[in-house]
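Participant: Here is what each chain is made of, one letter per residue.
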Amino acid sequence: MTQPLLSVKDLVIEFSTQRGIVRAIDGVTFDIMPGETLGLVGESGCGKSVTSLAILGLIPSPPGRIVSGSIKLEGRELVGLSESDYRHIRGKEISMIFQEPMTALNPVFTIATQMTDVLMRHQGMTRKQARNRAIEMLALVGIPSPQKRIDEYPHQMSGGMRQRVMIGMALSCNPKLLLADEPTTALDVTTQAQVLEQMVKLQDELGTSVVLVTHDLGVVAQSCSRAVVMYAGRIAEESAIQPLFQAPRHPYSEGLLKSIPRIREEKLDELPTIPGTVPDLLHLPAGCRFVDRCYKADAACHQQEPPLEWQNNQAVACYHPNPAAGSNA
Amino acid sequence: MIIRACALLFLSSLLLAGGCSDGPKTTGMKVYRHSLNGSPTSLDPAQSATIYANHVVVNIYDTLYSYKYLARPYQIKPNLAAAMPDVSEDGLTYTIRIKKGVEFTDDPAFPDGKGRELTAADFVYSLKRHFDPKTRSQGSWFWSGRIKGMADWKQAGSDYDKEVEGLKALDRYTIRIILNKPFPQLVHTLAQGYSAIVPHEAVNYYGREFSVRPVGSGPFRLQTFDSVRAVLVRNPKYRKEPIDLAYEGYDEAIHGKFGIEKIEGRAPPLVDRLEIHFIQESLSRWNSFTKGDEIQYAGIPKELLDDVLARKQPNVLLKPEYAQRFFMTSGIETGFVHTDFNMADPEIGYNKDKRREEMNHALRCAIRYAFNWHERNKRFYNDMGVIFPGIIPPVVPEYDPDGPKDSLEYSPEKGKKLLEEAGWTADKLPTLTYGGVAQVDTRQIFEQYRGWLTKIGYPKEKIVFDSYASFGDFNKAVKQAKIKIVGMGWGLDYPDAENTLQLFYGPNGSPGSNNANFNDPEYNRLYEQSAVMQPSPERTKLYRRMNQIVLDSCVTISGLSRQEILLWHKNVVSYPDRSIVGGFHLKYVDIEEAGK
Amino acid sequence: MEMLQYALRKFITGIPLIIGVTLISFLLMVYFGPDKTYELVGKNATEEQIQEIRHQLGYDKPFVARYLEYLKELATFDFGYSDSTGERVNSILKRTVPISLALITPGFVLGNLLGIALALVAAYYRGHWLDKLIMGGSVVGMSVSFLIVIIAFQILLSSNDGLGWFPVRGWNVYSFWDYLRYITVPTLATVFVALGYNTRFYRAVIVEEMGRDHVRTAKAFGTPPGELLFKHILKNAMIPIITRIMFSIPLVVISGSLLVESYFGIPGVGKVTFDAITTGDQPILKAVVGITAVLFVIVLILNDIFYKLVDPRVSLK
Amino acid sequence: MNTLAEETSLPKESESLWGKAWYKFRRDRTGMIALGVVIFFMFIALGVWAGLWGSGWSNVGGDMWAGPSPEHWLGTNIIGQDIYSRAIYSTKTAFEVGMVVAILSTILGGILGALSGYFTNSWVDELILWLMGVLDSIPFYLFVAAIAYALQGYPYSMHIAMIATFWTTTARLVRGEVIKLKNFEFVEAARAIGLPQGKIIFRHIMPNTFHILLVQATIVFVGAIKSEVILSFLGLGVVDGVSWGLMIAESTQEVQAGHYSNFLTASTFLFVLVMAFNMFSDSLQDALDPKKVSA
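Residue numbers (the working numbering), protein chains in the order written: chain A, 1017 to 1345; chain H, 22 to 617; chain D, 6 to 322; chain L, -15 to 279.
In case anyone wonders, no lab produced these hints; they're calculated from the structure.
The model shown is predicted, which means the values in this text are computed figures rather than measured ones.
Ideal placement from N, C-alpha and C gives every residue a C-beta, glycine not left out.
Be aware that a few hints might be false.
[To be verified] The calculated lysine-lysine pairs, modelled on BS3-like cross-linking and capped at a C-alpha distance of 27 Å, are:
#	chain 1	residue 1	chain 2	residue 2
1	H	Lys155	D	Lys236
2	D	Lys66	D	Lys137
3	D	Lys48	H	Lys202
4	A	Lys1164	A	Lys1088
5	H	Lys202	H	Lys98
6	H	Lys175	D	Lys48
7	D	Lys15	A	Lys1144
8	D	Lys66	H	Lys175
[To be verified] Anything over 12 Å on all C-beta distances counts as not near chain H; from chain D, calculated:
#	residue
9	Glu7
10	Gly19
11	Leu32
12	Tyr43
13	Leu62
14	Ile104
15	Gly132
16	Lys137
17	Pro172
18	Arg174
19	Pro230
20	Glu266
21	Ser267
22	Tyr268
23	Ile282
24	Leu305
[To be verified] The following label-pair restraints were derived from C-beta to C-beta distances:
#	chain 1	residue 1	chain 2	residue 2	range
25	L	Glu169	D	Asp83	37 to 43 Å
26	D	Leu161	L	Trp57	38 to 44 Å
27	L	Glu169	D	Leu161	58 to 64 Å
28	L	Trp114	H	Gly228	16 to 22 Å
29	L	Tyr140	A	Glu1168	54 to 60 Å
30	H	Lys373	L	Trp57	50 to 56 Å
31	H	Arg137	D	Lys99	27 to 33 Å
32	D	Gly216	L	Ile17	58 to 64 Å
33	H	Gln301	D	Glu213	45 to 51 Å
34	H	Lys438	D	Arg59	45 to 51 Å
35	D	Leu13	A	Asn1148	41 to 47 Å
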């Protein structure tokens, strides 16, 4: 087994709010293999974005801080890395795409400035070289007549275009890992598809690993090889895409899947949803975090947190998991 | 960064703009830095109503007469006039000769920029100006109704080409004034800044701005003038008249210690540059004075008196540490402060209802009993003011040192009793409006006053401070007789009690100088009678009778003449004075060593 | 060129403002302002003289006529002569405005620069003790009355009881050295007072900018803190900052620092204005108010133009 | 496309702003202390108002610039008035000024701001904006002075002047907020069911701007008492009675002669109150600011 590009181990992150200490991430562990695309799935507030920010060392502190655990990039520990060292990783080895293409780019600088700055900083290019490289990248992400548009300001572009610029920028220093935080949520459906496609394509070409953070299983299905389902700061289920979609083992994953509309089905009764709401991280239920919303919950579930258990590369944290795909029960 | 750049640029440009204005090349010059506790607004002689204005005006312009530098009580002497006037038997016709060859300073106002000779016609013109509405004269009341034919001349539209019978230039150097009725104080008025002589060229050339662009024939000429200071420089063309100290009233005993003898035989002006700084805040002024050379003359702020003086009575003495740094003179002002009741107000003054009028009289006298002169003197006048009964202040010859003092008595009990007898009760008592400009000391004087009145059982809420944000508005209220009680000060224009007695002369009622609107037939008669008399025991008798009438009718609570303590630096040769006219001594001031 | 046209258009739209300001203030001063007449009459005036003066002051003309006159004066920038001294209003302004500027500018500039500097520090160390210290300090600064500061500083630095290093009052400036001596205390006082407000304001602005997504993006691409702060954040924060500075300029220029000038006896436009207020010297007031209004409109325009320079999204249409 | 997101984010919003604010505020120590101080001052003011203390402020019994003594705790001023009771009495004056100005200018600003915000780019908006522009362009002291003259003698001229100038800031803020609010569903809804505009503005929109109004009010309060000091110094301030401003004005000369009691007393009272109010207002802002997560 090749050694993972990035491995997150027992990560614990807390935020101090006026109402008390909130444990946003509570012992999260996962690996990313070179070249693979990992989906990080969950409802908003489940900690998936926090995780990705943590990887880049961007947890706003105060109020947030990494309590324990480790994040290793090719075996190199990132937790506790000095700001200056981190700067050489950000955008060069790991780069990130954000949810809001409208606001994620600096409104008062041209695309050129913003892209060349990165290149000059990390690749030690001259402005001239950097500019050419930037134009290259823009072309690569499918921006028409890049040498013209590169001198435009963000507000002169459409959302889709901006997101492409972001992607181009993110990949311009061909990083080992790309963190995509809800990259398509803010876009309309058709653009979403295109942008996503674009991303996947590039990733194949450049062999970059991707962590795709999203609440949208559809997106995951389209582009990921593996997915980590998070719930209230913990991993509920981790598995390859196929089994996950065929037979989600965790009742929560199951719920999530059910809530995706399937056009194929003839009779379209209204979407089933998971009852109840995400628990307040300050007042978690005893035992399993999902217990209050779980149709399978019983006494045991109220006792204590179920551990994440592996069963032929599909992990689940539940006392009453659904049967794994293939196994007949 | 953009703003930083702009800012610095801006700043540096400013330093050139505002920072470095015209620097005085004072090196090797004799500079005297005088200071006053107020500032003039206009330097037009016709508007020189304040001593502040006079300080500048009499040093830039010439007056026919002036006061002797050192003689006290004040003695009048010829200045531009060649001699004292020839007065006809009936005291109606004055003939005055002026010095020849006196010239105005050079100024663009004159055809070729060269100042021409000053002639009798200029005086005639200067006095006529007062009766030309355009001049906005504040001093015309000195002469209005007194100079023959002047009223008609004004009626006819103030045409300077038309002659006035009572005011003529007989020839180039002779002036003749004819009066309607005798006016013994005329000569004094000709020593006032009001009567200073201006060239018509300048008046026409500068128009409205003449008030800040004075052109005269005095010892100095104006360099700069604004609300905080006036800078005057020696007038090179000023006539050379050696100082005769004996004539000026030099007295070794009094003036010796000031080194005045040094200036004997020298010709004024003695300094090259005369700065007059206008500083209202007495303590800022003091700090500025005690500290190096910022200013070289000041009074002592009341807050510091005990720190500076070793002794107040019988004669003022500085503490040694100050005595070795400064010279000092002290004396009482030629003026006094008094608090008038507005007799035009039926609630405390005259009233159709005779009964009520008597009650009001009682009320006024009761309030006078409540007035604690000693406290007032102690808190506001350094406990050094001279308190006297009535309206003839100690500085004038007609003052009666052993007149009845009962009007000064402080006795709340008597006040209370008086009120009760007159049938006053708390609810009947009228609301007293005490008018004043909204300034700290005015307010404090009022609060002290209110404190006393409560002691004769006057309800506190019935004594209100009617504050005005500007002197103009206060004066308006006074001139329109709107205020019941008016605290006022009067500075004498000339050392003759007539100048204060006119304050209660009926016809001078509001908007005139008679703020009390006192109108007593007997008093008026006596005033008219005395006004035309030369100084004499008879006149003094009349004066004192008038004074008694004022006291008996309780129209004013009066009075107090403030003690003036004047200090100046040891390197200044001077005998300062600020009482009569003001500033006429400045041309005799000298500086020991020239400024570095 | 487009800019010039814009400015012109904008100025025309600014005219209602000028009208409003002048009209309201003129109403106030004519109908409610102090009556100059009684400052000008002598100790022993007569009704006749009073009428004469009222007439010369134009008090007897109808309001509309006087207002139109005013507008004409404003248009021609000739405000006639002061009612108290008789000096030309323009020459008064020419004399006093530079003094006020020279007096106020250092404090104004320092106050803002220091404010921004401290704000940057505070914002950068947001939540740490340094931030808390600076913010605490600025609250204190905001809570002390300007008057108190002036008095205290004068005692401490100028008077003999204190250090006595600087002139107690006045303005005898003939050299740069004098200049420094005279402005130090007023400047210190001004800065002391302004600093609190500025720092708070600028910090708020900068903190808000720091929270923006694009800042996070820049971070995520490894932008070093210096560049982040001065390039990405400050340029965006420029707009509110400039606006604040711009809009305080007219008042600084014209009313100067009334308090400082009247307390330190400095013959600046602030003192002149205040004396004019209390004595009802209408020509001066008319000039001051009018010019302020015009300046405001100009600042409005400059401000918009500045937006354009800083923010590409703004267009001068 | 996915319903979970909204559904789960709903309940957080539904918590009441005020409940949360109070909850936050109670946990803010400085805020609570500040509030305490303010309330203490208010208590003093009420006492004066009720005549329990400070009534002797105008008696002139005492000596001239007497030092502290049993009967005059903080000494006396030039005419022998008790500085302590003057300072106490002034507390009432301060609150009078602060309260009147704060409340009235906030109401004025709230209403006008709401109107102009709701009727954006109508003549109403234009007019109000114009008025605000005008008032902001008149030099403050000139304006106050003018009003002070306008209502010479009236004890409230200063208050009115301040109100007339202070309301604009509030109005601008409210205007902005209302413009945001008026596109929210609940307003749309209100319009849809045909509520009269008056009702919409004042029943549905205004309440959502109260947090701004409250904070503004506190800021104006501070501004008012600080301006009072300067105006009184300039002779445009409090007409009758006594205030810290008058005391400081009185002291400006004394201090240079080393009589500090008047100055120190007045400025200490002033400083403490203003400081407390500022801190209180800050904490209030934090508490009411929905964006703020933590310190």
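Participant: Beyond 12 Å from every Cβ of chain H: is that where the Cβ of Tyr268 (chain D) lies?
Facilitator: Contrary to the label, Tyr268 (chain D) does not stay out of reach of chain H, its closest Cβ about 9 Å off (not over 12 Å).
Participant: Taking the Cβ atom of Glu169 (chain L) and the Cβ atom of Leu161 (chain D), is their distance within the range 58 to 64 Å?
Facilitator: Since Glu169 (chain L) and Leu161 (chain D) have Cβ atoms about 60 Å apart, the given range 58 to 64 Å holds.
Participant: Checking a non-interface call: every C-beta of chain H should be farther than 12 Å from the C-beta of Arg174 (chain D). Is that right?
Facilitator: 5 Å, violated
Participant: Does the beta carbon distance between Gln301 (chain H) and Glu213 (chain D) stay inside 45 to 51 Å, or does it fall outside?
Facilitator: 47 Å, holds
Participant: Decide if the proposed pair is consistent with the structure: Lys175 (chain H) and Lys48 (chain D), CA atoms, cutoff 27 Å inclusive.
Facilitator: Status holds; Cα separation ~20 Å.
Participant: Within 58 to 64 Å or not, the Cβ separation of Gly216 (chain D) and Ile17 (chain L)?
Facilitator: 29 Å, violated
Participant: Holds or violated: is the Cβ of Ser267 (chain D) farther than 12 Å from all Cβ atoms of chain H?
Facilitator: Its Cβ does come within 12 Å of chain H, the nearest being 10 Å, so this is violated.
Participant: For Lys15 (chain D) and Lys1144 (chain A), compute the direct alpha-carbon distance and say whether it is at most 27 Å.
Facilitator: 41 Å, violated
Participant: Quickly compare the C-alpha distance for Lys48 (chain D) and Lys202 (chain H) to 27 Å and report which way the hint goes.
Facilitator: Measuring from Cα to Cα gives roughly 22 Å; hence the hint holds.
Participant: Take the C-alpha atoms of Lys66 (chain D) and Lys175 (chain H), compute the straight-line distance between them, and say whether it is at most 27 Å.
Facilitator: 24 Å, holds
Participant: Can we trust that Glu266 (chain D) is non-interface, i.e. its beta-carbon lies farther than 12 Å from all of chain H?
Facilitator: The claim is violated: Glu266 (chain D) sits with its nearest Cβ about 10 Å from chain H, within 12 Å.
Participant: Regarding the assertion that Leu305 (chain D) does not contact chain H, is the least Cβ-Cβ distance greater than 12 Å?
Facilitator: 18 Å, holds
Of the numbered hints listed earlier, those contradicted by the structure are 1, 2, 4, 7, 12, 13, 14, 17, 18, 20, 21, 22, 23, 25, 26, 28 and 32.
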